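J.: Starting from the two chains in their separate frames, assemble the complex, guided by the hints.
Protein chains in written order, with my numbering: chain A, 1 to 308; chain B, 1 to 438.
What the hints contain is simulated information worked out from the structure, not anything from laboratory work.
This structure is a prediction, so every number in the text was calculated from the model and none was measured.
Please note: incorrect hints may appear among the correct ones.
[To be verified] Okay, derived cross-link-like pairs now, DSS-like style, lysine-lysine, Cα gap no bigger than 27 Å in a straight line:
1) B/K378 <-> A/K141
2) B/K243 <-> B/K93
3) A/K92 <-> A/K60
4) A/K6 <-> B/K133
5) A/K201 <-> A/K250
6) A/K275 <-> A/K192
7) A/K186 <-> B/K361
8) A/K201 <-> A/K212
9) B/K316 <-> B/K95
10) A/K192 <-> B/K361
11) B/K378 <-> A/K138
12) A/K275 <-> A/K252
13) A/K192 <-> B/K378
14) B/K23 <-> B/K93
15) B/K44 <-> A/K250
16) A/K138 <-> A/K192
17) B/K93 <-> B/K132
18) A/K201 <-> B/K361
19) B/K404 <-> A/K6
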Amino acid sequence: MIRFLKNSLILSAPFVFWVIFVVVIDPFNYFGFSNAISGEVKEQNSGRLNTLLYRTISFKRYPTANILIGDSRTDLLPVSELERITGKHFGKLTNNAAKLNEIFELFYFANSYHKLETVVIGINFNMFNEYGYADRVKDIKEIISFPPRYVFSTSVAEACYFVLRAQIIGKDISDVPPMTREEFWKWNIEEKATHWYGKYKYPNELYAQMRKLDDFAIRNDINLIFIVVPHHREFHDRLIEFGLLNEELKFKEYLSSLNAKVIDYDFENEITIDKENFTDPVHYQESIGRLMVNEIWGNKILIGKPLN
Amino acid sequence: MLIGSSLIDYVIGSMIGRTEDKKKRKALLLVSLISNLGTLFFFKYFNFFIDSFSSLITALGFIPHLTTLNIILPVGISFYTFQTLSYTIDIYKGKIQPSNDVVAFFTFVTFFPQLVAGPIERASHLLPQFYKKREFDYEFASSGSKMILLGFFKKMVIADKVAVLVNAVYNNPSDYVGAPMVMATVMFAFQIYCDFSGYSDIAIGTGRILGFDLMTNFKRPYYSKSISEFWTRWHISLSTWFKDYIYIPLGGNRVNQKRWAFNIFITFLISGLWHGANWTFIVWGAYHGVLLVFERYTKSVSDGWLNLLIPKFLVKLVPALVTFSLVCVGWIFFRANSIQDATFVLTHMFSDVGDYLDPVKMAVKFRGMGWTPTDLIKVFIFILMLEIIQWIDRKRFWGDSIRKLPRYLQWFFYVLLLTIIIFFGIENSVENFIYFQF
Chain A
1 MIRFLKNSLI
11 LSAPFVFWVI
21 FVVVIDPFNY
31 FGFSNAISGE
41 VKEQNSGRLN
51 TLLYRTISFK
61 RYPTANILIG
71 DSRTDLLPVS
81 ELERITGKHF
91 GKLTNNAAKL
101 NEIFELFYFA
111 NSYHKLETVV
121 IGINFNMFNE
131 YGYADRVKDI
141 KEIISFPPRY
151 VFSTSVAEAC
161 YFVLRAQIIG
171 KDISDVPPMT
181 REEFWKWNIE
191 EKATHWYGKY
201 KYPNELYAQM
211 RKLDDFAIRN
221 DINLIFIVVP
231 HHREFHDRLI
241 EFGLLNEELK
251 FKEYLSSLNA
261 KVIDYDFENE
271 ITIDKENFTD
281 PVHYQESIGR
291 LMVNEIWGNK
301 ILIGKPLN
Chain B
1 MLIGSSLIDY
11 VIGSMIGRTE
21 DKKKRKALLL
31 VSLISNLGTL
41 FFFKYFNFFI
51 DSFSSLITAL
61 GFIPHLTTLN
71 IILPVGISFY
81 TFQTLSYTID
91 IYKGKIQPSN
101 DVVAFFTFVT
111 FFPQLVAGPI
121 ERASHLLPQF
131 YKKREFDYEF
141 ASSGSKMILL
151 GFFKKMVIAD
161 KVAVLVNAVY
171 NNPSDYVGAP
181 MVMATVMFAF
191 QIYCDFSGYS
201 DIAIGTGRIL
211 GFDLMTNFKR
221 PYYSKSISEF
231 WTRWHISLST
241 WFKDYIYIPL
251 GGNRVNQKRW
261 AFNIFITFLI
271 SGLWHGANWT
281 FIVWGAYHGV
291 LLVFERYTKS
301 VSDGWLNLLI
311 PKFLVKLVPA
321 LVTFSLVCVG
331 WIFFRANSIQ
341 DATFVLTHMF
351 SDVGDYLDPV
361 KMAVKFRGMG
371 WTPTDLIKVF
381 IFILMLEIIQ
391 WIDRKRFWGD
401 SIRKLPRYLQ
411 WFFYVLLLTI
421 IIFFGIENSV
431 ENFIYFQF
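Chain B on its own, in the form it takes in the complex (with noise of 0.2 Å):
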């Protein structure tokens, strides 16, 4: 699958580069997109639409004669479509030449790090890299090292510890109405971006040490004061990919209103659609697009009254406590099994807000998920911890920060970031990187 899908594009690339004939050079675009997303329809989406379509027809009265077919999803299928969709693309704007190195071209495609689940990278900020001759540099190493440690602390500390409690509620919603819902429901946002962006920096420290720069792919996001800022720093490599080549093509913001909030929300139902082929992914998207085109339309009228309401000190804190509260709401739908278990989470989380007080009622509430109070603290204690290290990251790098420290304080926080990956991370059940599936 891969190598076929590179070869296309590579060759197809190549004959884009060839040609000044603008016809030409469309219906070779076309194969492109037709081969790569036609694959990634077929492994991806086939039996959800059959599904899909069988559900609806039912429903009308009449008996469906679909089958679906026994397929297994390709590893990073939707990472690599993307990444070599945009070498095309870019060729066929003019934005890059195409390459004549087959090896440098096969091994932007296939680079290990970030192969199954991103940075999704471009031609022209990758494929040059491979060009030039490599030598070791200290510095990038060193940090690449430090982004290593980061992703393995977001990821086996922080991620796997809370995925115990995510999965027993979301795999069971009726068990635990309430207060576990609300709680799973923050602890997943602390998941998926400890699991995601874990998973980013080990892959873009892994190329550092291997002397490859490797694009960013989170900045901070649960920081933002806005939906359309999280944007800018949730998972960058996809949403800008998404406003480079489905965005500013549909018009972007150079049109009306109108066509504005239709671009926005197409935009960000297909992203949802991306993640998989599931209809909590579609209202995902769905929801966010609408987010983003109520901020648009609300913005005048909120700023005005955050100022008018709010002390001068609390300015930030709200609009990033309400977004941060916005963007859980999304992943309600993001991470329940279906439709139905999302509106239930939804419908079911605050049932017992009278109860938050009582400690006996709420630790019989939570029993059966394989969590104790003590993991609950060590958990805020490590989250306590990663926002101290990203609140240090926002004006520079945080191992740059921590190298001001003396030396033996640098390798005492080392040896115990170490410590606690080893010791906290052991035990802890193995969980997949969740973006693995996608």
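If we strip away everything but chain A, and leave its shape as in the complex, we get (with noise of 0.2 Å):
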């Protein structure tokens, strides 16, 4: 019995130092005992690594009223620019790929940490699609309900080699694609747009739970605004040839019969027919997302199209 009892401990040994070792490198935050990181090295690479997690740990610890919630599309609307012209902090729970139902998750998730009065949802028409679906921000939840689930997590294990290579020697991870310019935006016109496009169902459930986000808005008193973010219009014109374009259009009718405000940007405009305007054909400039906000905020929206 004894042989027993010690061989166990020596094989849960390695375990106890990992939890340790966790604890210590603490790559996204979660326990906030140790600064054997730098928080700058944390955000640029466990933040890169798992943005979902990075910002859902930070939003637990330093909850807002005012966020932002979406993809990498809505990520790129400047929060500096839209504190300055609001007056209010405004924090971030976008997320790489992010799905509509996660959207809504992240919605009620940061509710319950702090009552919500600003949310800005990034939304485009490849969302609102039955096969958009992914389901990480439940993870998410259990890894911030349950530390063990934290400390043995492959995104932590990962994050934890990554936030030591940087602090070592000094390399973070990149987020530039290995291609250029013009064949990364060849790729998205034709591989990105078959995968977002190819598939297509009417997502019922989405839709209630749309209309259900936008009733809880109005009761708890929420300026909820979706913006529908540009595209370059040579991946737009995709949906004609997979023959989607009804259904785009009848996606922007329901936006429209929603009480929030919906201010349309992806149509043919001043934005999207110019290829300057985007780093790639999804994903605008810096300098448009200024223009987005600035047309919002300020009230004077001029190339936007307000669908309600």
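T.: Right, here's the structure in full:
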């Protein structure tokens, strides 16, 4: 029996060391006990590796009443400009390739930590698809509520490696695609558009969730704003090939029936026809982000189209 | 339920053991059969038969006035009913003596590691172990721990991961026509194996740590070279139960060919029904019955062709692949939510073979199920790891083979296995064991 218990202890020893290691490195600032790794290194590496986990933990620690929720396109909206114009502090719960169901879940998650006042949600037609589904927020919530889930998460293990590497040799994670701008542009037009639009089904459930969220915002006096961010026309026009133009029109009609404010930038206008306004077909330049913020919050909408 | 069922069988077992009167013994056995199977029928099949009967008479143009009952299936009822039933039948047949130790008997029926999903133990094997004084046996406990480790690896790392893909496809087959159906079906074969044999490993391992030897339930079933071999390797405790208590009493193979075919078919039909009150399980059982009959009638011909057409080094691999494919077809019925869904999968799974080499089209087809290419690579690596362990296990217990490695490598292996279980198991959503529903 003693031998059996001794061997069991030996087997568990590496895991005890791992727990101590993670608490010390703490790549996502979950515990907040240790300063072994600088905040900047964590943001540059853990923040890029798993943006959703990084931002939700950050939000939990420092919740704000005003937030931006969406994917990488929403992430491009300049918070500093927004804060300058509105005079309010804004937080971000954006993450790469966020799905609409995840965005809705993040909305309620955020509201459970801080009574929300203004919520900006970036939305596009590609998100309004039953097949555009992922369930990462559920995992994140589990991690947040159960520390062993954080300590023994593959994301955390990976982040530990990257933050240590950055701290020791000064090499951060790169998010630059491994191809030229032209190649990446072409890849987006051909493959990404096929992936987004090649399989479409009207999302009954998502629409119901959107309505519920809209009602919730009214009942709880939350200023909810949807922004349909711009795509370059070349990308947008692939909708024609997939026979989805009517579906896109319907999507915008649904949006216009909401109580929330909806501003559309994804139609033929001076932003979407100029390639120079985009880093790739679906990500606008910083200047366009500033322009949209100034239009919407400066109450002088010239290019954008209010849908309701 | 459990106490009632155990009490009836304990009392009836004792009464059968006390009398030599054949008629009385038979009557007592009948009481046990009716009470056990009656309870099982009521809880598990009553609504199914009412629904099926209603559908039938509706189809005949009548209006049925039958109502189903709002009843919950007691956990593990199919398993402990068969376990207690075998006790009285074995006493009736004179194979074992009735137990005089009521505590031992109740512990035998309610032994927690195997209560809800087996292995379905026989009284002759497990009951005597409760009479003995147990002492801690390091070797036994160590092998048990290793089995538990492998069981968790199968369940948490593989079964729960592939469940995401399988559930997405089988819960909405029309959304995933073609390659995703093929992938989900093959993955379900691994899911059900890893889920169920993983549970059995954990149960047997737990038993070993406590000093009990539970029967083997799986012996690398996907290595089988025929369907008949598959059934000597898959859910052994149940297939031997059906063999001993249904197939052999029906005459087994000591009858003419037609009667043998009937015996096999009926046995597998009942086996399918045992799994659940749904036509999908009945068709699955019938399918295996038909395959076994067909296999026997064509064995000499197929063996001849096999030796003639296939190079010698593939002689074992090809039949194993054919058997695996046939088993996978059966799994379509087992997993589908209805016969209609199963038929849809069968008729649409190969509709896009021409697109297999187009990665963009394939990526689109798999969209929406919550699986990424990384998940696919991970699962492939984990299944490969499992296959290596099973390959090592084919001659002796894999834990004994690992023991031959240098000590540091042994520790490395177990720490690695535990690391994979903790890191990759914890990130999967928790799925109930599939066989808990039976």
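J.: Is the hinted pair A/K201 and A/K250 satisfied, with a Cα-Cα distance of at most 27 Å?
T.: Holds. A/K201 to A/K250 sits at ~13 Å (cutoff 27 Å).
J.: Holds or violated: are the alpha carbons of B/K23 and B/K93 at most 27 Å from each other?
T.: holds (13 Å)
J.: Taking only the CA atoms, is the gap from B/K243 to B/K93 under or equal to 27 Å?
T.: holds (15 Å)
J.: Please verify whether A/K138 and A/K192 have alpha carbons no more than 27 Å apart.
T.: holds (26 Å)
J.: Holds or violated: are the alpha carbons of B/K44 and A/K250 at most 27 Å from each other?
T.: Cα-Cα ~47 Å, so violated.
J.: Next pair to validate is B/K316 with B/K95; report whether the Cα-Cα distance is within 27 Å.
T.: Violated, because 38 Å separates the two Cα atoms, which is more than 27 Å.
J.: A/K192 and B/K378 were given as a pair; does the straight-line alpha-carbon distance stay at or below 27 Å?
T.: Within the cut-off at roughly 24 Å; holds.
J.: Against the 27 Å threshold, does the CA-CA distance of A/K92 and A/K60 hold or violate the hint?
T.: holds (12 Å)
J.: Taken at face value, is the distance from the CA of A/K141 to the CA of B/K378 at most 27 Å?
T.: Within the cut-off at roughly 23 Å; holds.
J.: Does A/K6 pair with B/K133 here, judged by a C-alpha cut-off of 27 Å?
T.: OK: A/K6 and B/K133 at ~25 Å, within 27 Å.
J.: Take the C-alpha atoms of B/K93 and B/K132, compute the straight-line distance between them, and say whether it is at most 27 Å.
T.: holds (25 Å)
J.: Would the pair A/K201 and B/K361 pass a check requiring their Cα atoms to be no farther apart than 27 Å?
T.: This hinted pair holds, its Cα atoms lying about 16 Å apart.
Checked against the numbered hints given earlier, this structure breaks hints 9 and 15; the rest are met.
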